[in-house]
Amino acid sequence: MVKIKIKMLSLLKDVIGRDYLDMEVPFGTTLKDLIDKLIYNYNTLAKIMEKIELIVLVNGEKRSMDYKLVDGDEVALMPPASGGL
Amino acid sequence: MVIEAKIIEGKVDVNKIVKELMEESSSLGGGALVSFIGFVKGKVNEHIVKELVYEAYMPYALKKLEEIVYEEASRTGIISIKVYHRIGRIEPGEPTIYIFVTAISRKIAFDTASRVLERVKHEVPIFKLERRDDGEYWVVGDGKRVKRVRGKGKVM
Chain D
1 MVKIKIKMLS LLKDVIGRDY LDMEVPFGTT LKDLIDKLIY NYNTLAKIME
51 KIELIVLVNG EKRSMDYKLV DGDEVALMPP ASGGL
Chain G
86 MVIEAKIIEG KVDVNKIVKE LMEESSSLGG GALVSFIGFV KGKVNEHIVK
136 ELVYEAYMPY ALKKLEEIVY EEASRTGIIS IKVYHRIGRI EPGEPTIYIF
186 VTAISRKIAF DTASRVLERV KHEVPIFKLE RRDDGEYWVV GDGKRVKRVR
236 GKGKVM
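For the protein sequence lines, the chains are D and G, in the order given. If you use our numbering, the first sequence corresponds to residues 1 to 85, in order. If you use our numbering, the second sequence corresponds to residues 86 to 241, in order.
Chain D with its partners taken away, still in its complex shape (with noise of 0.2 Å):
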């Protein structure tokens, strides 16, 4: 199994009720693989998808949905920045 942390920013964390989800997948499990899961386990964020264009970094950098997951990644899941003023 792949250790990961799941970090969620702005109104994702309500999604879950907190910041940070631990959570273990088998190896080989791919971005889509776990967003799909998430999805599962959470029908809001489905609801946020439908509504919003969710932004996905891993480690703090963009990668495409195939991309497998590995020890001590840590996956991010935000709305578009609302920063400035």
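It is worth saying that the hints were derived from the structure and are not from the lab. Some clues are possibly wrong.
Computed cross-link-like contacts, EDC-like style, restricted to lysine to aspartate or glutamate with a CA-CA straight-line distance of at most 16 Å [to be verified]:
(1) G:Lys232 - G:Glu221
(2) G:Lys229 - D:Glu50
(3) G:Lys229 - D:Glu53
(4) G:Lys135 - G:Glu221
(5) D:Lys7 - G:Glu140
(6) D:Lys5 - D:Asp19
(7) G:Lys128 - G:Asp218
(8) G:Lys148 - D:Glu61
(9) D:Lys32 - D:Asp66
(10) G:Lys135 - G:Asp219
(11) D:Lys5 - D:Asp71
(12) G:Lys128 - G:Glu179
(13) D:Lys5 - D:Glu50
(14) G:Lys91 - G:Glu176
(15) D:Lys68 - D:Glu24
(16) D:Lys51 - G:Asp227
(17) D:Lys62 - G:Asp218
(18) G:Lys96 - G:Asp218
With the hints as your guide, set chain G onto chain D.
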């Protein structure tokens, strides 16, 4: 060249920064300084705003902010760029972001300050929650507001 990019909780001394930048830039051929300060609105959609709560995805937010400032500072005619983005709870009328640009001409300074602002707003993972008299709203992207409902899985 003077470059600085910071994510901070407090405020900065605007007068001090302007004075220092003008002094430092003038000997390097600078003759224009543009400063921009974004501040919290006290009213949105006819509702009173109590405060904004800014959060940054660190350390990546700072990394991206530095990347933008370095890229923009490398353009011809730019002498210095300083950007400070505040996080935490900020009340109406209080500053949220400061941008200072000095350049060899006003056009370059204005254009660069504007471009830096737009890039920060769209590229740096900083998010805000708007607390107002009719509830709490997550502000996402270009001003879209999503009402917050407390409790696990209760968004929207």
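When you check the alpha-carbon spacing of Lys96 (chain G) and Asp218 (chain G), does it fall within 16 Å? Answer violated: Lys96 (chain G) to Asp218 (chain G) is near 26 Å, above 16 Å.
Sort out whether Glu176 (chain G) lies within 16 Å of Lys91 (chain G), counting only the CA atoms. violated, 20 Å
Below or equal to 16 Å on CA atoms is what counts here, so check Lys68 (chain D) against Glu24 (chain D). Given that 16 Å is the threshold and the Cα spacing comes to 13 Å, the pair holds.
Against the 16 Å threshold, does the CA-CA distance of Lys229 (chain G) and Glu53 (chain D) hold or violate the hint? holds, 12 Å
Against the 16 Å threshold, does the CA-CA distance of Lys135 (chain G) and Asp219 (chain G) hold or violate the hint? Judged against 16 Å, a Cα distance of about 10 Å means the pair holds.
Is the hinted pair Lys135 (chain G) and Glu221 (chain G) satisfied, with a Cα-Cα distance of at most 16 Å? holds, 10 Å
Can you confirm whether the C-alpha distance between Lys62 (chain D) and Asp218 (chain G) stays at or below 16 Å? violated, 37 Å
With the threshold set at 16 Å, check whether the alpha-carbon distance from Lys128 (chain G) to Asp218 (chain G) stays at or below it. OK: Lys128 (chain G) and Asp218 (chain G) at ~10 Å, within 16 Å.
With the threshold set at 16 Å, check whether the alpha-carbon distance from Lys128 (chain G) to Glu179 (chain G) stays at or below it. holds, 13 Å
Checking one constraint from the list: CA of Lys7 (chain D) to CA of Glu140 (chain G), max 16 Å. Satisfied? Holds, at about 13 Å.
Given the hinted pair Lys51 (chain D) and Asp227 (chain G), is their Cα-Cα distance within 16 Å? With a Cα-Cα distance of about 14 Å, the restraint between Lys51 (chain D) and Asp227 (chain G) holds, given a limit of 16 Å.
Distance restraint between Lys5 (chain D) and Glu50 (chain D), which requires alpha-carbon spacing of 16 Å or less: Not OK: Lys5 (chain D) and Glu50 (chain D) at ~24 Å, beyond 16 Å, violated.
In this structure, the earlier hints numbered 13, 14, 17, 18 are contradicted, and the remaining ones agree with it.
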